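Visitor: Go by the hints and put chains B, C and D onto chain A.
Listed here are the chains, written in short residue letters.
Protein chains: 4
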Amino acid sequence: MTYTRQMLDTYSPAVDIDLNTLATTIDALNECAQACIVDVDADLGVPNPTEMVKCIRLCLHCADVCTAAARIIGRVAQYEADITRPSLEACVAACKTCGDECERHAHMHEHCRICAEVCRRCEHACRELLDALK
Amino acid sequence: MTYTRQMLDTYSPAVDIDLNTLATTIDALNECAQACIVDVDADLGVPNPTEMVKCIRLCLHCADVCTAAARIIGRVAQYEADITRPSLEACVAACKTCGDECERHAHMHEHCRICAEVCRRCEHACRELLDALK
Amino acid sequence: MTYTRQMLDTYSPAVDIDLNTLATTIDALNECAQACIVDVDADLGVPNPTEMVKCIRLCLHCADVCTAAARIIGRVAQYEADITRPSLEACVAACKTCGDECERHAHMHEHCRICAEVCRRCEHACRELLDALK
Amino acid sequence: MTYTRQMLDTYSPAVDIDLNTLATTIDALNECAQACIVDVDADLGVPNPTEMVKCIRLCLHCADVCTAAARIIGRVAQYEADITRPSLEACVAACKTCGDECERHAHMHEHCRICAEVCRRCEHACRELLDALK
Numbered sequence: 001m002t003y004t005r006q007m008l009d010t011y012s013p014a015v016d017i018d019l020n021t022l023a024t025t026i027d028a029l030n031e032c033a034q035a036c037i038v039d040v041d042a043d044l045g046v047p048n049p050t051e052m053v054k055c056i057r058l059c060l061h062c063a064d065v066c067t068a069a070a071r072i073i074g075r076v077a078q079y080e081a082d083i084t085r086p087s088l089e090a091c092v093a094a095c096k097t098c099g100d101e102c103e104r105h106a107h108m109h110e111h112c113r114i115c116a117e118v119c120r121r122c123e124h125a126c127r128e129l130l131d132a133l134k
Numbered sequence: 001m002t003y004t005r006q007m008l009d010t011y012s013p014a015v016d017i018d019l020n021t022l023a024t025t026i027d028a029l030n031e032c033a034q035a036c037i038v039d040v041d042a043d044l045g046v047p048n049p050t051e052m053v054k055c056i057r058l059c060l061h062c063a064d065v066c067t068a069a070a071r072i073i074g075r076v077a078q079y080e081a082d083i084t085r086p087s088l089e090a091c092v093a094a095c096k097t098c099g100d101e102c103e104r105h106a107h108m109h110e111h112c113r114i115c116a117e118v119c120r121r122c123e124h125a126c127r128e129l130l131d132a133l134k
Numbered sequence: 001m002t003y004t005r006q007m008l009d010t011y012s013p014a015v016d017i018d019l020n021t022l023a024t025t026i027d028a029l030n031e032c033a034q035a036c037i038v039d040v041d042a043d044l045g046v047p048n049p050t051e052m053v054k055c056i057r058l059c060l061h062c063a064d065v066c067t068a069a070a071r072i073i074g075r076v077a078q079y080e081a082d083i084t085r086p087s088l089e090a091c092v093a094a095c096k097t098c099g100d101e102c103e104r105h106a107h108m109h110e111h112c113r114i115c116a117e118v119c120r121r122c123e124h125a126c127r128e129l130l131d132a133l134k
Numbered sequence: 001m002t003y004t005r006q007m008l009d010t011y012s013p014a015v016d017i018d019l020n021t022l023a024t025t026i027d028a029l030n031e032c033a034q035a036c037i038v039d040v041d042a043d044l045g046v047p048n049p050t051e052m053v054k055c056i057r058l059c060l061h062c063a064d065v066c067t068a069a070a071r072i073i074g075r076v077a078q079y080e081a082d083i084t085r086p087s088l089e090a091c092v093a094a095c096k097t098c099g100d101e102c103e104r105h106a107h108m109h110e111h112c113r114i115c116a117e118v119c120r121r122c123e124h125a126c127r128e129l130l131d132a133l134k
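Chains as they are written, first to last, in my numbering: chain A, 1 to 134; chain B, 1 to 134; chain C, 1 to 134; chain D, 1 to 134.
This is chain A alone, in the form it adopts within the complex (with noise of 0.2 Å):
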């Protein structure tokens, strides 16, 4: 049980959410904002890094979204849709193009093939989130 889950656990959320679904994204979106300012690093540092423009622009992107995503709904208690729901669907969007674009580069660099993976994952737990959020 990851700290995320045990803190969630000891107040009562002020919507109706499944815990486990909850912290299982808070810490998708923590990874995967780290996955992405790691690869901007390793991106920066390839031989050619002309070809891997777009991936350090759509990392840059995701990471932000991931970061301020993970702390907006870490805040249950104050549960505002209108708020919430966007911020998923911007972090939908940015793991999506982010992780097709280091899917392209993941045959040739490993951080790639590693960052889309957690792209992959972050996507998949904040369309669950904004599944059981409905």
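If you're looking for bench data, these hints aren't it; they were derived computationally from the structure.
No experiment lies behind these values; they were computed from the predicted model shown.
Warning: the hint list may mix true and false statements.
What the hints assert, rightly or not - Among the chain C residues that face chain A by a calculated CB cut under 7 Å, a handful are:
no., residue
1, MET1
2, TYR3
3, THR4
4, THR10
5, TYR11
6, ASN30
7, GLU31
8, GLN34
9, GLY45
10, PRO49
11, ARG75
12, MET108
13, GLU110
14, VAL118
Built from N, CA and C at the ideal position, the CB exists for glycine as well.
Guide: Relative to the frame of chain A, chains B, C and D by itself:
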């Protein structure tokens, strides 16, 4: 002319957006994030912080979505509508809700009055940019 | 092996740092930032939030320095001691002060007990990394 | 008078700091973070981004330490010297290193010339605040 406007002027963004609208929104987002952060600090110091709990929570949400959106729309070269639009929509919702709550306390707390004003300006700027991106 | 560790494994960082120490610290920083964000939310919901004001403020500081440090030390390819070291020192101080305050409330609030534990772990990890960077 | 200055004016900070110095630094930090974010985007679009790799990495570091410091020093009610001082010192170092690197490209890239100027202003403001906090 702010530094944001000067910076954007030095290179051609990928999308056909009026640079004034874009720079105004970025600056409004950063002003709003900062005002919300300071407002949380001020709210915590009032004689009865229990009354300010909702305001604090909304300011925290608002600061995080605005910081993320300023970063995302500041990276204009890789414009991704599916990331940009929900990010701005989350800001519109956060600024609206937070501005409404701050306004309720405006007659008692000058910091809430100013924060409400900054939220309104940011909400307006985000709506204008969303319209311009159509 | 966490994704952070896997990512770092795929490219050689500029400095001679043990990758386990580095990955452990990055993961501890992200865990701590998230725990502090959730603890703020939980603290605001207790019957008398006035007693939690100091705890909330320290958690807010701690979350922000930890998020920034995780990003900075995650970008290992351009290691800058003058940026990295004070960033980690700010985390050590924030985790220590926040951990102490959370501990004061641990007997009353389980969320503070867990948050204190996460702060201690993060403080320890940052100290280890600072030692390793010497 | 900026909104930051207006906000700070509404409540008495815990430390005896000149509010103009404080507000100037907060605004300089946010300007610098934003300029660095846009500069990364612009650097990635130059014909040969390989030459800009160091500049991009330093801008990324600089944006993150400045965003965190603006948040921390904006919460003046719980001033903690052991958190505030290293946070500002990390900004001084990041602004100095990033400003130097941007200046190297200033004759070629107008965005780097402006970013260097913003970094210098922020470095100066952080040094002034550190002096004022002594």
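Visitor: Now, for every hint given, state plainly whether the structure supports it.
Guide: Results for each hint:
no., hint, in the structure
1, MET1, "violated (11 Å)"
2, TYR3, "holds (5 Å)"
3, THR4, "holds (6 Å)"
4, THR10, "holds (4 Å)"
5, TYR11, "holds (5 Å)"
6, ASN30, "holds (5 Å)"
7, GLU31, "holds (5 Å)"
8, GLN34, "holds (6 Å)"
9, GLY45, "holds (5 Å)"
10, PRO49, "violated (11 Å)"
11, ARG75, "holds (4 Å)"
12, MET108, "violated (11 Å)"
13, GLU110, "holds (4 Å)"
14, VAL118, "holds (5 Å)"
The structure is inconsistent with the numbered hints 1, 10, 12, although it conforms to all the rest.
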